[in-house]
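Asker: Each chain, letter by letter, is given below.
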Amino acid sequence: MAGITISGLTKRFGVTQVLRGVSLAVAPGEFVALVGPSGCGKTTLMRIIAGIETADAGEVVIGERAVTRLRPAKRDIAMVFQSYALYPHLTVRENIAVPLAMRRLSAWQRLPLLGGLLPGARARRAAIAEEVVRAAAPLGLEPLLDRRPGQLSGGQRQRVALARAIIRRPAAFLMDEPLSNLDAALRVQTRREIVEIHRAVGVATLYVTHDQAEALTMADKVAVMMGGELLQVAPPEAIYAEPADLRVAGFIGSPRINTLAAAVDAAGRVTVAGLPVGLRTEARGALTLALRPEALRPAAEGLPAIAEHLEFLGDGLLLHARHTPDGAPLILRLEPEAREGLRPGAALRLGFAPSRALLFGADGRRVAARADAPLVAA
Amino acid sequence: MRARLPILGLLGALVLMPYLWMVAASLKPASEIFRASLSLWPEHLAIAENYGRVLSRVPVLLYLWNGIVVCGGILLFQLLFAVPAGYALAKLRFPGRSLAFGAVMLGLLVPPHVPALPLYVAASGLGLLDSYTALIAPFAISVFAIFLFRQFFSALPDDLLHAARLDGMGEWAIVWRVVLPNAWPAATAFAIFSVVSHWNDLFWPLIVVQGHAHATPALGVLQFRSEEAGDDFGAMMAAAVLMTLPLVLAFLLAQRRFVEGIATTGLKG
Amino acid sequence: MRPPRLAGEAVAGALMTLPAAIAYLLLLLLPTLATALLAFTDYELGAPDLGWIGLGNFQEMLADRGFGVSVRNTLVYVGLVTPVSILGGLGLALLVEAGAKGRAFFRAVFFLPVVSLTAAMAAAWQYLLHPTIGPVNAALRAMGVGTPFWLSSSDTVLLSLAAIGVWESIGFNMVLFMAGLTAIPRELYAAAEVDGARSGFDRFRLVTWPLLGPTTLFVLTISMIRSLRVFDTVAVLTQGGPNKASEVLLFTMYQQGFTYLRLGYSAAITLVFLAVVLALMWLQTRVLDRRVHYS
Chain A
1 MAGITISGLT
11 KRFGVTQVLR
21 GVSLAVAPGE
31 FVALVGPSGC
41 GKTTLMRIIA
51 GIETADAGEV
61 VIGERAVTRL
71 RPAKRDIAMV
81 FQSYALYPHL
91 TVRENIAVPL
101 AMRRLSAWQR
111 LPLLGGLLPG
121 ARARRAAIAE
131 EVVRAAAPLG
141 LEPLLDRRPG
151 QLSGGQRQRV
161 ALARAIIRRP
171 AAFLMDEPLS
181 NLDAALRVQT
191 RREIVEIHRA
201 VGVATLYVTH
211 DQAEALTMAD
221 KVAVMMGGEL
231 LQVAPPEAIY
241 AEPADLRVAG
251 FIGSPRINTL
261 AAAVDAAGRV
271 TVAGLPVGLR
281 TEARGALTLA
291 LRPEALRPAA
301 EGLPAIAEHL
311 EFLGDGLLLH
321 ARHTPDGAPL
331 ILRLEPEARE
341 GLRPGAALRL
351 GFAPSRALLF
361 GADGRRVAAR
371 ADAPLVAA
Chain B
1 MRARLPILGL
11 LGALVLMPYL
21 WMVAASLKPA
31 SEIFRASLSL
41 WPEHLAIAEN
51 YGRVLSRVPV
61 LLYLWNGIVV
71 CGGILLFQLL
81 FAVPAGYALA
91 KLRFPGRSLA
101 FGAVMLGLLV
111 PPHVPALPLY
121 VAASGLGLLD
131 SYTALIAPFA
141 ISVFAIFLFR
151 QFFSALPDDL
161 LHAARLDGMG
171 EWAIVWRVVL
181 PNAWPAATAF
191 AIFSVVSHWN
201 DLFWPLIVVQ
211 GHAHATPALG
221 VLQFRSEEAG
231 DDFGAMMAAA
241 VLMTLPLVLA
251 FLLAQRRFVE
261 GIATTGLKG
Chain C
1 MRPPRLAGEA
11 VAGALMTLPA
21 AIAYLLLLLL
31 PTLATALLAF
41 TDYELGAPDL
51 GWIGLGNFQE
61 MLADRGFGVS
71 VRNTLVYVGL
81 VTPVSILGGL
91 GLALLVEAGA
101 KGRAFFRAVF
111 FLPVVSLTAA
121 MAAAWQYLLH
131 PTIGPVNAAL
141 RAMGVGTPFW
151 LSSSDTVLLS
161 LAAIGVWESI
171 GFNMVLFMAG
181 LTAIPRELYA
191 AAEVDGARSG
201 FDRFRLVTWP
211 LLGPTTLFVL
221 TISMIRSLRV
231 FDTVAVLTQG
241 GPNKASEVLL
251 FTMYQQGFTY
261 LRLGYSAAIT
271 LVFLAVVLAL
281 MWLQTRVLDR
291 RVHYS
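Chains as they are written, first to last, in the UniProt record's numbering: chain A, 1 to 378; chain B, 1 to 269; chain C, 1 to 295.
It is worth saying that the hints were derived from the structure and are not from the lab. Possibly wrong hints are sitting among the right ones.
[Stated by the list, open to error] Sample of chain B residues facing chain C (criterion: CB under 7 angstroms; computed from the structure):
#1 8
#2 10
#3 18
#4 25
#5 36
#6 107
#7 140
#8 184
#9 203
#10 218
#11 251
#12 255
#13 257
[Stated by the list, open to error] Over 12 angstroms on every C-beta distance to chain C, these chain B residues come out as not near it, computed from the model:
#14 13
#15 44
#16 48
#17 55
#18 72
#19 132
#20 185
[Said to hold, decoys possible] Over 10 angstroms on every C-beta distance to chain C, these chain B residues come out as not near it, computed from the model:
#21 56
#22 131
#23 157
#24 163
#25 177
#26 191
Built from N, CA and C at the ideal position, the CB exists for glycine as well.
Kindly generate the complete structure, drawing on both the sequences and the hints.
Answerer: Next comes the structure, spelled out in structure tokens:
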């Protein structure tokens, strides 16, 4: 089993620096989701790994081989494209067979009709046909093998693209937003199927998406990319609970994480609008205190706020409030029962457990903080 | 592809060859042309002689003017007929609509040479030979234009028309104030196609025009060749340059539009 | 659905199509039907009356050696111009699109003949191909190769006309192919690369050629119909000569109708021409279309 290792990749299109020295390792058998807002460079990164695009600098290693200067065909990878990129003139069967036919048959043997008569062609074609069925069966494609892509639904096309990718047992899988053209229900179902295929095949997989839900639900590790840089690579739980960068904290999680401008007094206590919030830190200067919507709750003591608006979600409640001293918007995720006693316009105090508070320095990097004397009760 | 530019350069030169020799010969005196030298550049310039002979013997400007009148007239009538018809076929429901559209599709199959004989008989019977009317009328209706505008208008959102109706516009007001302003891309493409094909047409002018008074550029070249020039290649090439120049210049000024116009309307050939 | 406006809509629709319908009737439908009728008469322009002669004109055609030659010449011309201008157009389109440099320039160069006055350029070709003073033969002489008579020998006249025909239409086909090429999704080429299509030829066979199918069929039909309609170059350069060696269908029709004023016979030739055009279109839509559209 092989993995993918990239180091120091840079790429510039005209005046825009798309990649600024990206390094990432996908271990053998690992599923890494590369997530970021559109335009962050993630698709370019994937295309460079595939060899469809060339990097200005940096190395790509797949398995033990440096492939930076190899054609895509020689990199031993398979790719699922956002548009699926199925050949419209070939049947499902022929589409899935292409990666094998291209590698195992000579140009002459690939000729229609005549090619089948050449020595050795018949046996190889039979072997390919068998493998096509074997790759198609688990995806439920057997009844569709003789149709053309134009006759298939979006979900079916997606499976054909998957079958075409897994048939060759490549050293690495690359998937470029494979679910973005499916409707919501199908997306959730296919999410699971892709994870199951990955588990069964056990190949290093890099999965590009702009959808954090996909990244968090599917991947062993999530790599968050913004502005051409990787900000953090970590398991989904860590990405959510322990973001290393304010931009990661802001990008992952919905509703968006709450942020408040904070300061440090001479004793090292963190204050928001002059009020100590129960945290200590060694850092100095302007800070940002970030709190997930579920980390905040109404309390007897804490940050002063005004309730503005309530959204009932069925299994929960979103409370939109405003931090009284500086007018910063805050969102709380509460139990449905909390609705009692919450009215728009009511003055509140909001508390949080110090362990769930995230503190970031002026440069956006995470800074260490520990609980102080419990001035603000949870 | 390192060989791309050299290969293209070579092929391009090959395609441009007739133009280069045409222009070169139009600058050379007869003696030099008859020496059949391979030099493009003339030793003695004979611009005044060659072009002077053309301009003095045949009314070149009249030919060009005729070309403009005929092409302009044809285009005007084609648009006048085709825009409302195309809109009605695309967006309005009326009895006979499918019949009319069937007629358009049928008309697309018929090359313009097919109705030529009876049209000639009719023009001759009405005493219209040798007139702008005879040159313009047969092409005043273009089923291809109707088809093109119908396809184009079909893509206009219905809500745009509903909104116009709610604002109190009648169907004719919609045609002039909503549909027509949106028809420019199709109209330009069709205009280029129409002008190029009728400027270059030789078949019909050859049939209905005698003499110079109503000759179009294509016919003018032919007449000059058979009546005046004979073996006077210098003057012949000068005439060819003069007649080719207007459309080529227009093309060079707006080549993207030309290429797109011909490509999108290509289906009529 | 929209009852209050229905009547107004119907009136407006009918009024808007009416002018076009009248013009269509007078200028297209009736003359075409008249041609079809004339084809079965012995009508001559200026003759006091006309007689119904049934298939007489068509029988004459079959017996007429000149008409046979005309059909043969037309087919040879179409057979020469169509494949060369299609393959050439495709080659040029691929070559021009292969790089960014000079793309607009070369597109304009190859397209130039399409917008050039055919009659005038025919005159230029006449000079170019002139047996004694023409630059082509001057070059051949300089190389020590034989100098054909091109347009004035019955052996080479069709070939020369076909060469001019290719020169005229290759840029047109190129532009149509370029439009077809831009419609091919870029991702398919990326997929082909990943799937193991290493050479440019592999990618051409796996992606370009099949996806150009509809374009190619379209260009094929158009090219055949356009070359079937060859007239201008013949009228300017050869008048069907020498010795009928460049007599083509439309020129024969023109001569019979407007030089000899035998309108009935000319109409019959027109019908044959129309039948061939319709057959080609039928072939395109009914037979071949299904093979190149994938859905």
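Asker: Please go over all the hints and tell whether each is borne out by the structure.
Answerer: Verification of the hints:
Below 7 angstroms, beta-carbon pairs count as interface contacts, and residue 8 of chain B has one with chain C at about 5 angstroms; its hint therefore holds. The closest approach between the C-beta of residue 10 of chain B and any C-beta of chain C is roughly 11 angstroms, which is over the 7 angstroms cut-off, so the hint fails. The interface hint given for residue 18 of chain B is met, as the beta carbon of that residue sits about 5 angstroms from the closest beta carbon of chain C, less than 7 angstroms. A distance limit of 7 angstroms between C-beta atoms decides the matter here; for residue 25 of chain B the minimum to chain C is near 6 angstroms, and the interface restraint holds.
Given hint, residue 36 of chain B at the interface with chain C, holds; its Cβ is 4 angstroms from that chain's nearest Cβ, closer than 7 angstroms. Hint on residue 107 of chain B holds. Least Cβ distance to chain C is approximately 6 angstroms, under the 7 angstroms limit. With a least beta-carbon distance of about 6 angstroms to chain C, the hint placing residue 140 of chain B at the interface is held under the 7 angstroms criterion. About 19 angstroms separates the beta-carbon of residue 184 of chain B from the nearest beta-carbon of chain C, more than 7 angstroms, and the hint is not met.
Below 7 angstroms, beta-carbon pairs count as interface contacts, and residue 203 of chain B has one with chain C at about 5 angstroms; its hint therefore holds. Here the hint on residue 218 of chain B is kept, as its CB sits about 4 angstroms from the closest CB of chain C, short of 7 angstroms. Given the 7 angstroms rule on beta carbons, the hint for residue 251 of chain B holds: about 4 angstroms separates it from the nearest Cβ of chain C. Taking 7 angstroms as the C-beta contact cut-off toward chain C, the hint placing residue 255 of chain B at the interface holds, the least distance being around 5 angstroms.
Taking 7 angstroms as the C-beta cut-off, the interface hint given for residue 257 of chain B is violated, the closest approach to chain C being about 12 angstroms. At the 12 angstroms boundary, the C-beta of residue 13 of chain B falls inside the reach of chain C, the nearest C-beta of that chain being 9 angstroms off. No beta-carbon of chain C comes within 12 angstroms of the beta-carbon of residue 44 of chain B; the shortest separation is about 17 angstroms. Listed as a non-interface residue, residue 48 of chain B keeps its Cβ farther than 12 angstroms from every Cβ of chain C; the least gap is roughly 20 angstroms.
Residue placement check: residue 55 of chain B keeps its beta carbon more than 12 angstroms from all beta carbons of chain C (closest about 16 angstroms). For residue 72 of chain B, the condition that its CB be more than 12 angstroms from all CB atoms of chain C holds, with the nearest at approximately 17 angstroms. Here residue 132 of chain B stays apart from chain C, with its beta-carbon at least about 16 angstroms from theirs, past the 12 angstroms limit. Non-interface call for residue 185 of chain B relative to chain C: holds, since the shortest CB-CB distance, roughly 15 angstroms, exceeds 12 angstroms.
With a closest Cβ-Cβ approach of about 19 angstroms to chain C, residue 56 of chain B is found to remain outside the 10 angstroms limit, as its non-interface label requires. With a least CB separation of 16 angstroms from chain C, residue 131 of chain B remains clear of the 10 angstroms interface cut-off, as annotated. Non-interface status of residue 157 of chain B relative to chain C is upheld: no Cβ of that chain comes within 10 angstroms, the nearest being about 17 angstroms off. The beta carbon of residue 163 of chain B sits about 14 angstroms from the closest Cβ of chain C, which is more than 10 angstroms, so the claim that it is off the interface holds.
Listed as outside the interface, residue 177 of chain B is consistent with that label: its C-beta sits roughly 14 angstroms from the nearest C-beta of chain C, beyond the 10 angstroms cut-off. Every CB of chain C is more than 10 angstroms from the CB of residue 191 of chain B (nearest about 13 angstroms), matching its label as outside the interface.
Of the numbered hints stated above, those contradicted by the structure are hints 2, 8, 13 and 14, listed in ascending order.
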